[in-house]
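Listed below, chain by chain, are the residues.
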Amino acid sequence: MKCRRAETILQALLDGALPPNEAARVRDHLAACAPCRARVDSLLLVHEALSTQPEPEPSPDLATAIMARARAERRLARRPPLVPVWLEGWTLGSVGLGLAACGLVISRHLVAAALPEELTAQLAGLLPVALVSAFGLFGLWYYQA
Amino acid sequence: MIAALARAASFAMLAVAGRDAGDDAAFVARARQGDPSGFDEIVHRHHKRVYALAYRMLRHPQDAEDVTQEAFLNAYRRLDQLREAESVGAWVCRIASNLCLERLRSPRHRAEVPLPSPDLAPADPAADGETAETVARVRAAVAELPPKYRLAVVAYYLHGHSYDEAARLIGVNPRTFKTHLYRARQRLASLLEDPTRASEEEAP
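Respectively, the protein sequence lines represent chains A and B.
So for the first sequence, the numbering used here puts the first residue at 10; every next one is plus one.
So for the second sequence, the numbering used here puts the first residue at 43; every next one is plus one.
No wet-lab data here; the hints were simulated from the structure.
Each hint can be trusted.
So the derived label-pair ranges between C-beta atoms look like this: (1) B/PRO149 with A/SER60: 32 to 42 Å; (2) A/ALA43 with B/ALA67: 48 to 58 Å; (3) B/ARG120 with A/ALA43: 52 to 62 Å; (4) A/ILE115 with B/ASP77: 43 to 53 Å; (5) A/ARG78 with B/HIS203: 27 to 37 Å; (6) A/ALA81 with B/GLY202: 29 to 39 Å.
Facing chain B, a subset of chain A residues (Cβ under 10 Å, in silico): (7) LEU23; (8) GLU66; (9) GLU82.
Just so we're clear, the structure is a prediction, and the values are computed from it rather than from any experiment.
For each residue, glycine too, the CB sits at the ideal point set by N, CA and C.
Given the sequences, and given the hints that come with them, work out the whole structure.
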């Protein structure tokens with residue numbers, strides 16, 4: 010038996026996965042080959058070091074966190090979409106921008122008509138921002154709930 | 043007498059394994075029908091095993107927890123694609139293995155910080171200093187192995203010292219698995235014999 014072949018077989022011997030006749034041949038080889046005996050010692054050390062490792066423990070709340078995330082996914086999956094699929098993406102973006110522009114123009118006129126002139130300049134800018142923020146908060150609430 | 047006891051023990055283990063597999067299939071069926079407690083049970087039974095695999099691969103507790111969560115959520119989303127419901131634990135381990143390999147191969151993967159990990163401590167506190175140092179050196183050197191070799195070592199020593207079982211867990215065929223495991227141990231043994239040689243050694 011050649012040393013190179015013996016090395017592979019030594020590992021099977023280590024794992025108890027060698028038929029008895031092969032094991033006898035390896036033992037004969039080992040009896041006559043000092044480098045292979047040294048190799049067995051090293052492989053045994055490796056095997057022992059890896060076999061006796063303590064099993065790492067996760068934090069106690071890991072399982073609960075996974076379960077909670079799975080339940081959240083389930084709720085989300087069951088919720089009907091806020092907008093139809095064909096409206097998503099670019100379509101929704103374009104429509105949103107158009108609406109925001111209209112809202113800006115209309116709100117400026119409404120504010121200008123309803124309030125004294127000194128407040129108009131300040132509030133006219135704030136109203137569309139408030140509308141967009143409210144819309145965004147509603148979206149966030151809808152998907153988080 | 044000893045042989046009879048061993049036979050009885052192995053029958054008992056097979057019975058327990060069979061019962062667990064049956065339970066797993068029932069939990070998967072419940073989860074598929076929309077009962078969240080079915081998936082909860084799957085998480086409860088297998089999360090420690092998946093975490094241990096991820097931890098040994100990534101050697102970082104937070105990364106290991108992230109991968110464990112991601113693996114279970116991926117499994118949850120794809121539960122309908124699982125063919126062998128009784129092997130759901132192995133399936134999640136396989137998903138986690140792939141996630142670990144992806145992370146290790148990613149250029150953005152954080153540099154591994156050598157932790158004061160329980161993994162590196164010798165199992166037997168009474169072991170003499172030299173043995174303890176050797177054990178710690180071998181365990182630390184696993185982190186230097188190429189990811190696929192590391193995965194083979196981790197799966198084999200974590201899951202029952204069986205080629206077939208470990209190969210199934212990480213989704214490679216048993217022949218390839220054996221090659222990876224042998225080469226990994228060859229490198230580790232070479233490191234013990236001569237630390238400067240291990241990095242140069244290329245297995246046949």
